[in-house]
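Please construct the entire structure, taking both the sequences and the accompanying hints into account.
Here the protein sequences come in this chain order: A and B.
Note that the first sequence ends on residue 139 in our numbering; no numbers are left out.
Note that the second sequence ends on residue 337 in our numbering; no numbers are left out.
A portion of the hints provided could be inaccurate.
Listed next, the in silico BS3-like pairs over lysine-lysine satisfying Cα-Cα at most 27 angstroms (straight line) [as the list claims (entries may be wrong)]:
{"no.": "1", "chain 1": "B", "residue 1": "K322", "chain 2": "B", "residue 2": "K308"}
{"no.": "2", "chain 1": "A", "residue 1": "K29", "chain 2": "B", "residue 2": "K322"}
{"no.": "3", "chain 1": "A", "residue 1": "K56", "chain 2": "B", "residue 2": "K308"}
{"no.": "4", "chain 1": "B", "residue 1": "K206", "chain 2": "B", "residue 2": "K308"}
Some but not every residue of chain B turned toward chain A, in silico, with C-beta under 8 angstroms [said to hold, decoys possible]:
{"no.": "5", "residue": "H178"}
{"no.": "6", "residue": "G183"}
{"no.": "7", "residue": "E197"}
{"no.": "8", "residue": "Q201"}
{"no.": "9", "residue": "Y204"}
{"no.": "10", "residue": "L205"}
{"no.": "11", "residue": "L208"}
{"no.": "12", "residue": "W233"}
{"no.": "13", "residue": "L241"}
{"no.": "14", "residue": "S271"}
{"no.": "15", "residue": "G272"}
{"no.": "16", "residue": "L275"}
{"no.": "17", "residue": "F294"}
{"no.": "18", "residue": "Y295"}
{"no.": "19", "residue": "K322"}
{"no.": "20", "residue": "L325"}
Facing chain B, according to a computed beta carbon distance under 8 angstroms, are these residues of chain A, among others [stated by the list, open to error]:
{"no.": "21", "residue": "R21"}
{"no.": "22", "residue": "R23"}
{"no.": "23", "residue": "F24"}
{"no.": "24", "residue": "R28"}
{"no.": "25", "residue": "A61"}
{"no.": "26", "residue": "A113"}
In case anyone wonders, no lab produced these hints; they're calculated from the structure.
Since we're looking at a predicted model, the values are computed, not measured.
Idealized CB from N, CA, C, for every residue including glycine.
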Amino acid sequence: MLSNDNDRDLHGDDFRDDDLRARFAVLRKVEEAQAPEFSIPARRGADHGRRRRAGKLIAVAACLVTIVTVVIWLRVVSPKPDGNRVASITEWKAPTDFLLETPGRDMLRTVPAIGEWHDYTQVSKPGKERPQLRKQNSP
Amino acid sequence: MSYTRPSQDTHITNSIRARGNPRDSMKQTDFQGELGRLHPASFGWALCCCDHRREEAEDVLQTAYLKVLEGTARFDGNSSLRTWFFGVIRRTAWERRRRRWLRDQIFGRWLAREPGPLPTPDPEAVARGSESGRALLQALADLPDRQRDVLHLVFYQDLTVEEASRVLKVSVGTARTHFERGKARLRQRLTQPEETIC
Numbered sequence: 001m002l003s004n005d006n007d008r009d010l011h012g013d014d015f016r017d018d019d020l021r022a023r024f025a026v027l028r029k030v031e032e033a034q035a036p037e038f039s040i041p042a043r044r045g046a047d048h049g050r051r052r053r054a055g056k057l058i059a060v061a062a063c064l065v066t067i068v069t070v071v072i073w074l075r076v077v078s079p080k081p082d083g084n085r086v087a088s089i090t091e092w093k094a095p096t097d098f099l100l101e102t103p104g105r106d107m108l109r110t111v112p113a114i115g116e117w118h119d120y121t122q123v124s125k126p127g128k129e130r131p132q133l134r135k136q137n138s139p
Numbered sequence: 140m141s142y143t144r145p146s147q148d149t150h151i152t153n154s155i156r157a158r159g160n161p162r163d164s165m166k167q168t169d170f171q172g173e174l175g176r177l178h179p180a181s182f183g184w185a186l187c188c189c190d191h192r193r194e195e196a197e198d199v200l201q202t203a204y205l206k207v208l209e210g211t212a213r214f215d216g217n218s219s220l221r222t223w224f225f226g227v228i229r230r231t232a233w234e235r236r237r238r239r240w241l242r243d244q245i246f247g248r249w250l251a252r253e254p255g256p257l258p259t260p261d262p263e264a265v266a267r268g269s270e271s272g273r274a275l276l277q278a279l280a281d282l283p284d285r286q287r288d289v290l291h292l293v294f295y296q297d298l299t300v301e302e303a304s305r306v307l308k309v310s311v312g313t314a315r316t317h318f319e320r321g322k323a324r325l326r327q328r329l330t331q332p333e334e335t336i337c
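What follows is the structure in structure tokens.
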């Protein structure tokens with residue numbers, strides 16, 4: 001039963017396909033009647049090759065000119081580096097160094113001797129405003 | 140049902156296969172003769188690829204001939220000559236479409252105007268066709284490209300679905316699907332009254 005149905009479907013499909021095929025055949029007949037004469041175009045000869053090579057050369061030259069122009073332009077436009085040398089690391093000071101300048105910081109720079117740490121008095125040395133500690137002899 | 144049909148140009152293919160690349164070793168006149176025999180069918184396929192714009196189809200066909208003669212397109216003998224040449228025509232038409240689209244995009248923007256509309260099919264040529272031919276063309280125009288191409292190759296060019304798949308560079312299953320869907324859709328369009336199609 002199933003095969004019969006399939007056969008019928010196939011035959012029906014065949015029939016409908018034949019209809020489509022016939023329509024296409026009509027169209028084909030019309031279009032083939034309108035087809036232009038067969039003529040092989042002349043092969044593009046040496047002249048075409050020369051023109052093609054010239055075109056490639058021109059394209060390459062244009063690319064080169066563009067690259068050179070861009071490089072020159074970049075060199076002209078980019079800021080010139082200063083003549084000053086960059087400070088060495090030993091000379092360099094941080095811009096925020098002043099924040100470390102706290103009162104009494106100088107005191108920390110002197111190294112106290114062992115056993116002489118007590119009885120220091122503040123005296124002002126001539127020429128220096130900063131107070132210094134001097135050892136006083138104990139009685 | 141099968142769409143197997145002995146290829147009409149088997150002898151051409153065999154002769155080229157035996158002699159190698161047509162451009163290199165075959166007599167130019169032989170090859171031109173074979174292209175000439177294929178010419179009407181090739182023109183029909185070019186028309187299909189160019190949405191039935193006659194001038195464009197002629198240009199595409201000439202470009203395809205040039206490609207073959209200059210060796211840009213080479214026949215490797217893996218398929219029939221017709222299948223291969225139809226592939227060349229299809230690719231040429233596609234390249235032409237792409238170039239036109241690019242030109243419209245670039246120059247359309249530069250000139251600050253919309254890309255030009257696609258040229259319509261030659262009305263005179265369509266009018267010369269029969270009533271059923273016109274109806275068929277209208278119905279085909281509503282189909283997606285792939286479906287239309289497969290239907291054209293199978294019904295118009297008498298290729299098998301397998302050969303059509305080779306021309307369109309798709310798998311056989313895909314071609315078969317497009318073929319069945321296209322057929323159903325085409326029948327639907329053809330049975331609809333004229334005013335609903337337009």
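The hints, checked one at a time:
no.: 1; hint: K322/B with K308/B; result: holds, 20 angstroms
no.: 2; hint: K29/A with K322/B; result: holds, 21 angstroms
no.: 3; hint: K56/A with K308/B; result: violated, 32 angstroms
no.: 4; hint: K206/B with K308/B; result: holds, 19 angstroms
no.: 5; hint: H178; result: holds, 4 angstroms
no.: 6; hint: G183; result: holds, 5 angstroms
no.: 7; hint: E197; result: holds, 6 angstroms
no.: 8; hint: Q201; result: holds, 5 angstroms
no.: 9; hint: Y204; result: holds, 6 angstroms
no.: 10; hint: L205; result: holds, 6 angstroms
no.: 11; hint: L208; result: holds, 6 angstroms
no.: 12; hint: W233; result: violated, 20 angstroms
no.: 13; hint: L241; result: violated, 17 angstroms
no.: 14; hint: S271; result: holds, 6 angstroms
no.: 15; hint: G272; result: holds, 4 angstroms
no.: 16; hint: L275; result: holds, 5 angstroms
no.: 17; hint: F294; result: holds, 4 angstroms
no.: 18; hint: Y295; result: holds, 4 angstroms
no.: 19; hint: K322; result: holds, 7 angstroms
no.: 20; hint: L325; result: holds, 7 angstroms
no.: 21; hint: R21; result: holds, 5 angstroms
no.: 22; hint: R23; result: holds, 5 angstroms
no.: 23; hint: F24; result: holds, 4 angstroms
no.: 24; hint: R28; result: holds, 5 angstroms
no.: 25; hint: A61; result: violated, 22 angstroms
no.: 26; hint: A113; result: violated, 86 angstroms
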